[in-house]
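This is what each chain is made of:
There are 8 protein chains.
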Amino acid sequence: MPESDPLDGIANLDLGRADRRGYPEAVFCEGKSVDQVAAIAGVIADHPEQIHLFTRTSEQQAKALLGILPDAHWDQTARLVAWPPTVPDSTGGAVLVLCAGTSDLAVAREALLTAQYLGRDAQLVADVGVAGLHRVLSKLDLLRTARVIVVAAGMDGALPSVVAGLVSCPVIAVPTSVGYGAAFGGIAPLLTMLNACAPGVAVVNIDNGYGAGHLAAQISAPPLGPERSSGGSDA
Amino acid sequence: MPESDPLDGIANLDLGRADRRGYPEAVFCEGKSVDQVAAIAGVIADHPEQIHLFTRTSEQQAKALLGILPDAHWDQTARLVAWPPTVPDSTGGAVLVLCAGTSDLAVAREALLTAQYLGRDAQLVADVGVAGLHRVLSKLDLLRTARVIVVAAGMDGALPSVVAGLVSCPVIAVPTSVGYGAAFGGIAPLLTMLNACAPGVAVVNIDNGYGAGHLAAQISAPPLGPERSSGGSDA
Amino acid sequence: MPESDPLDGIANLDLGRADRRGYPEAVFCEGKSVDQVAAIAGVIADHPEQIHLFTRTSEQQAKALLGILPDAHWDQTARLVAWPPTVPDSTGGAVLVLCAGTSDLAVAREALLTAQYLGRDAQLVADVGVAGLHRVLSKLDLLRTARVIVVAAGMDGALPSVVAGLVSCPVIAVPTSVGYGAAFGGIAPLLTMLNACAPGVAVVNIDNGYGAGHLAAQISAPPLGPERSSGGSDA
Amino acid sequence: MPESDPLDGIANLDLGRADRRGYPEAVFCEGKSVDQVAAIAGVIADHPEQIHLFTRTSEQQAKALLGILPDAHWDQTARLVAWPPTVPDSTGGAVLVLCAGTSDLAVAREALLTAQYLGRDAQLVADVGVAGLHRVLSKLDLLRTARVIVVAAGMDGALPSVVAGLVSCPVIAVPTSVGYGAAFGGIAPLLTMLNACAPGVAVVNIDNGYGAGHLAAQISAPPLGPERSSGGSDA
Amino acid sequence: MPESDPLDGIANLDLGRADRRGYPEAVFCEGKSVDQVAAIAGVIADHPEQIHLFTRTSEQQAKALLGILPDAHWDQTARLVAWPPTVPDSTGGAVLVLCAGTSDLAVAREALLTAQYLGRDAQLVADVGVAGLHRVLSKLDLLRTARVIVVAAGMDGALPSVVAGLVSCPVIAVPTSVGYGAAFGGIAPLLTMLNACAPGVAVVNIDNGYGAGHLAAQISAPPLGPERSSGGSDA
Amino acid sequence: MPESDPLDGIANLDLGRADRRGYPEAVFCEGKSVDQVAAIAGVIADHPEQIHLFTRTSEQQAKALLGILPDAHWDQTARLVAWPPTVPDSTGGAVLVLCAGTSDLAVAREALLTAQYLGRDAQLVADVGVAGLHRVLSKLDLLRTARVIVVAAGMDGALPSVVAGLVSCPVIAVPTSVGYGAAFGGIAPLLTMLNACAPGVAVVNIDNGYGAGHLAAQISAPPLGPERSSGGSDA
Amino acid sequence: MPESDPLDGIANLDLGRADRRGYPEAVFCEGKSVDQVAAIAGVIADHPEQIHLFTRTSEQQAKALLGILPDAHWDQTARLVAWPPTVPDSTGGAVLVLCAGTSDLAVAREALLTAQYLGRDAQLVADVGVAGLHRVLSKLDLLRTARVIVVAAGMDGALPSVVAGLVSCPVIAVPTSVGYGAAFGGIAPLLTMLNACAPGVAVVNIDNGYGAGHLAAQISAPPLGPERSSGGSDA
Amino acid sequence: MPESDPLDGIANLDLGRADRRGYPEAVFCEGKSVDQVAAIAGVIADHPEQIHLFTRTSEQQAKALLGILPDAHWDQTARLVAWPPTVPDSTGGAVLVLCAGTSDLAVAREALLTAQYLGRDAQLVADVGVAGLHRVLSKLDLLRTARVIVVAAGMDGALPSVVAGLVSCPVIAVPTSVGYGAAFGGIAPLLTMLNACAPGVAVVNIDNGYGAGHLAAQISAPPLGPERSSGGSDA
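Chains as they are written, first to last, in this note's numbering: chain H, 1 to 235; chain X, 1 to 235; chain S, 1 to 235; chain A, 1 to 235; chain C, 1 to 235; chain V, 1 to 235; chain Z, 1 to 235; chain E, 1 to 235.
In short, the hints are calculated from the structure, not lab data. Possibly wrong hints are sitting among the right ones.
Stated by the list, open to error - Just the calculated beta-carbon pair ranges, DEER-fashion:
#1 Gln-50(Z) to Gln-60(H): 33 to 43 Å
#2 Pro-48(X) to Val-34(A): 31 to 41 Å
#3 Lys-63(E) to Ile-68(C): 29 to 39 Å
#4 Asp-5(S) to His-134(A): 57 to 67 Å
All figures in this text were calculated on a predicted structure; none of them were measured in a lab. Even for Gly, the Cβ is constructed at its ideal location relative to N, Cα and C.
Modelling step: build the complete structure from the supplied sequences, incorporating the hints.
Here you go:
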């Protein structure tokens, strides 16, 4: 990089990641100052040729981003800012996102939007936890059309086990930090999911809707899609 | 106690507990030497008027007990010795014991036998975990006849949540130490059960089939049964 | 549900749960926005035929609920809103709620009110922890009239063990997040209760007064009460 | 099942799972007695139409299985018994299994064989941990031909992060229980993998090579393969 | 030490500790080879002027010690070897040792013997756990004669809280590793004791009967006893 | 109690504890509302015959207490309110309180004041942690005049081990929640203290200066002081 | 110290540490009041002959320090105040500080400045985490000129393992508290670093940039530098 | 590697590491079969030009190694096999290894031998824990001649803090798994060391004497030694 790099000593953007891996780098905003996020957006503004996602944005960070990228899309529930704002045409298999309760919506929507911005056809079904089992059983036909299912759940985290036992496609389980004391900020559903008695459950980090959506996009990628490209000479 | 107490310095049997609480004391054999267990059995042999349960017996302890109480009943799977061996006539509501997998059988049988020896009508349904949900759903009518249901499960421990959502009676959840690494000897199902999204789940200690069976006997006790008795002048 | 469902994409109310399980669904308000809680209340306002409990409400959520359901009952200590506000006539056995210290009152009151709104005769005895053992021993006669006893305790969580050793009915133990550093937000009393040396202790989640009250209502249900009903064709 | 079920009170085989989910049920042998495993094999011997995997077998269990199913394939390193022994023709995308060190081989081989018996083309590359980074970088072309990569690693568990940053396909990370004290039986690599800074990492349970291989088979399934089938009327 | 020190490179005995602190050093045998323990005993054999305690001895280590110090006292339950074998005349206040259950006896006896060998009048009362509260309440007069009480308990570890609320002297609480799964090898009673709602509870390490007995000897030391002596020029 | 008890349903003061145990009950203010604390103070105002300590008071609680008990003593660093404000004449042995760093002062002062209000001669030495060992070694003569030493330390918590190795009296170790991330809010020094290689270390809860001061007062009580009194007929 | 010590009862400055150990004491400001920090600065103002570092300062503490030491240097990102403000001439080997992401900058800058103020030539390279491995590989020549490398990383904490495998000098790994839920405030990268599969990784506390910089200064000290000095008569 | 690689599918020796990093790869034997270790030794036998260390060998593995490399040096206490057996001439600064107790000797000796085989002058001082502080203080002159000090300690792990406060060189702290229950297999001393109140403490994994010795060799490397060499074209 030239010496006039406006991010020198702060960040080292990996703008080649889309070419290298098929999916662009996202900017994780937690732990960054508003000034740092704004500086990064300033550089990104010169690169409208790829989708840029800013995840886990505070309200103040989101507003600073909209100052620099005025047409960006901000989903307040998901704490996500996307620019350019248009969702690309979808390719690959269908992604289905479920959440066990209303309190898990923020995480579920982050997964949903990430999958959509990375090029997949994705939809969300809310509040189908196992305390009222008829709710998820009534969606069985829909479940069986998906190439991959993301399930966000807190508390007992039991929904992914139940879903995985009903379908043949992989299930991505996202534990959320929702629940009473012994949920321990998501440890309880995390362990439940890692111990799912039905095989086929892929676990990601607590509250990591972005990671779930990204992984879903990779699993449901078209057979001849980006992951079949030559990649270039990384490393 | 008189000075000739054969258990002096070793144990202090609570033979009045059945009068006081309605249920006799059990002898937890783990951490006791074979000699200590045998000494206790020697004293108990003079008290055939109440049921004595020896829980978590090693094979060596069980054989020593049978030497002293030859007609005792030994269930090797449950690691339980009962004397006198005859199950009393049942009173109160029905107890149903479920286990998620074959590996949970030892715990489930300990609960089953405890409830039976404490005077309840109890039966066991094995291997109905949520990985194949149709197995437990096919038992729905049976589930709805119970006054209380005990569910033993390891791994994800998801079965109690599912069952509690389907019935109106209380569910006693017993986590078992069965599973891969991140089951952490039963911590994973323990947390799942404490965080059950369906209310009505009562949790007991890991692998504690005895405690589950005892609690089930109390919950399903007849309305005018032992717990309504005057109790005596304890404390 | 029709397409004009005002909760679409947010929540999926289980209004049939009272028919199916004998007890209505409650709305756990933590992690939900004020708007989401209000939207749910708007739907519920059309269903005065059953009791609706809103648990763990913030002050702002409670006030929004009172805007929509003006005659609702709000217990600020218990953080509970109930509508319709009238406690039903009680059936079944007596529920007794104890708390070890004044700092455990919020949890104890949540259990008390839940049991009362679910149709039980329930009363509360406060501040009877084991540091002054004479306090609980002086209540022995009252303890022995209960069909089930709920005990809320933080710190050492020793009270349920002591109580369970004195009575024949089941004890529901609720650990609270009260205490010095090594109470670890309720882990210490939770473990104490799971390891109670007296059998008959049913443990629920940390600070989960609602769960304790619900379980107490189920255990003390009348013999021919709702849990004996046919249930309907769930699942 | 008929009343003469030889597994009554022990197990409840889910022989319909292959039809329902596209993949057959496996028998987890840990915690089962040799007699129980043998009884299950006796029933399975009548069902050569699908692959049966017995995982985590002890030497004694494996020998009992070979007594009943003499032509079964036993991989001692992977502790896996498969019957019928012939690997089916492969369909779908390529599966690549990496392990960080020689001590991770047992887990890696369990994943490899599972993927192969579930119908995938799979191969193994051993001992390519990040302490000598040139080892994995020299395999970059091979890595980029895979539809999904399984990475087994203990100790620091850093290999999945590095691999996921180099490829576009999903990476399944399996923590192993290999390492010095503070690896805590696999907790250290488990946390590393859940926190991978590169998106696209799906985590399964500690030492769960079977789960990793099964998930890999699902992710790399042919586009029109079993997960597109109608499934039947489960639940 | 001279260069011919037989323990060079192995151990560095602190034979001056009795002069410096008033109590001699003990030899913790766990983690030491039989040869190392024997070498230490060989040096100690020249120092009959003070009491030497060997704690946590294996049977093999104890037998090696008896080979070198034939008149040593070996308590198999407590795993303690003492030499010279004679308990000194007692000074200071009375030490009372309680244990909650028979399974806690090994720890309680280690505390008892340590206090006696360090010069105190000490006695043991066994099996007085809170599940049968009348057992400890019947000893109230004895409890109130003690200058310090040691309480060993596993499982819920509730006994020290109850005892501390009944007496004015300090209570030393020793958690033991006895109990079902969620006792976690003594963590549960350890936390209970650290969180005792009654002040006056001093906690020592899990199963550390030696430490409890030593601390008891210090607390009950005579007012003008060793801790008032000039001490010498340590450090 | 009469029905007009102003604390009915809130608290159950144990005003007889001083007679029963020799030391009065303290009021732990954390988790209590300002109104509850004030109500308790209102009752206490009628009992100037014994010392009342209010611990862990918030600023708002302390001000409310001073409104009701205007001459009470408030130590803002220790968060302690005492009434009546006069320290009683001291009896018994000397109590010495050490703290490792300035950040541990709040806890150390709470211990100091508690011991003084419970009737002991106590003094404080600040900032003598082991990073500069000469600081504590220069106090060796003072250390050896104490009947008991309280040591408050965060971070590595190493000071109690060092002090206990230098003196013959008991050491009460109080872990504090001071330190970098892996101090885990006091867990690190708590474990250090429980594992002290020098015997004679009594551990209390994290940040529990009150408990340390109380225990110190008990250990250093005069030989014929309150703990020798008849006690009365508790329980 | 004289009786008029302005820090009496608060702090015990170790101004001789630079002579004794070669490096001056730093003032850890967390947990200290603004008044306490100011009082310490008042004493330090008389000692311009050595560098004084105030670490983990709040904004309010930093401003108070600048009131007393107006020419002090305040780095807001690192939360560090240094006085006198001039960095000394560097001696010894080169120190290189890396950070994995922008969110780790605060910790990395604290290490950088500490090493510089303690007399080393140090530089920082930001945002070179393993998700884009080419970033760190492009710095290989720079890495190999260092005498010691500090690596700050959160999330998976994988960068130190990779770097240690590429160079011969020691690597100091500092885990940071950056990441999603299962990073557990830095536990995940801490464990990764302790388990680094490449030897040569020295771990310090979570977010402890000061400790990392100090250790780096010691490792890269000149061969005949302060650590070879006579030291004086400490202890 | 050629196709006839005898380690194909098992291991991937990094024989170039000495050239690349200045220190050869070691073979961690835990988790490897005797056959695998023997196969590795067979390849290594052709490379006497560098030192090969086999760490954590079982007795059976060690004997197999001696069968293939008959003149290898086997230290049974340290569980280390070295070949060729001759320690190289030492270069660089002095390494001093301390251990707190006799039970820590195995770890300390592993560190000692590793440093010696990697080319350093190293010596061991045993049993100088802080319970008898005079032991380590009497070695102060020796401590101050070292370029780096390794300290192995279990239980409270307090020795590194004390030593680091007395010297100017870095201290490498190795927690050992020695101690009573709440040492938790080394977690207690690990946390103590990470939280050392004296800066300059570098922590390695529990019981990892090899890692400590390797790091010590790197820190005490000669100024113009291997880490200044050009390294070659790794990666």
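For each hint, the structure was consulted:
no. : hint                               : result
1   : Gln-50(Z) to Gln-60(H): 33 to 43 Å : holds (41 Å)
2   : Pro-48(X) to Val-34(A): 31 to 41 Å : holds (37 Å)
3   : Lys-63(E) to Ile-68(C): 29 to 39 Å : holds (31 Å)
4   : Asp-5(S) to His-134(A): 57 to 67 Å : holds (58 Å)
This entry satisfies every hint, going by the numbered hints stated previously.
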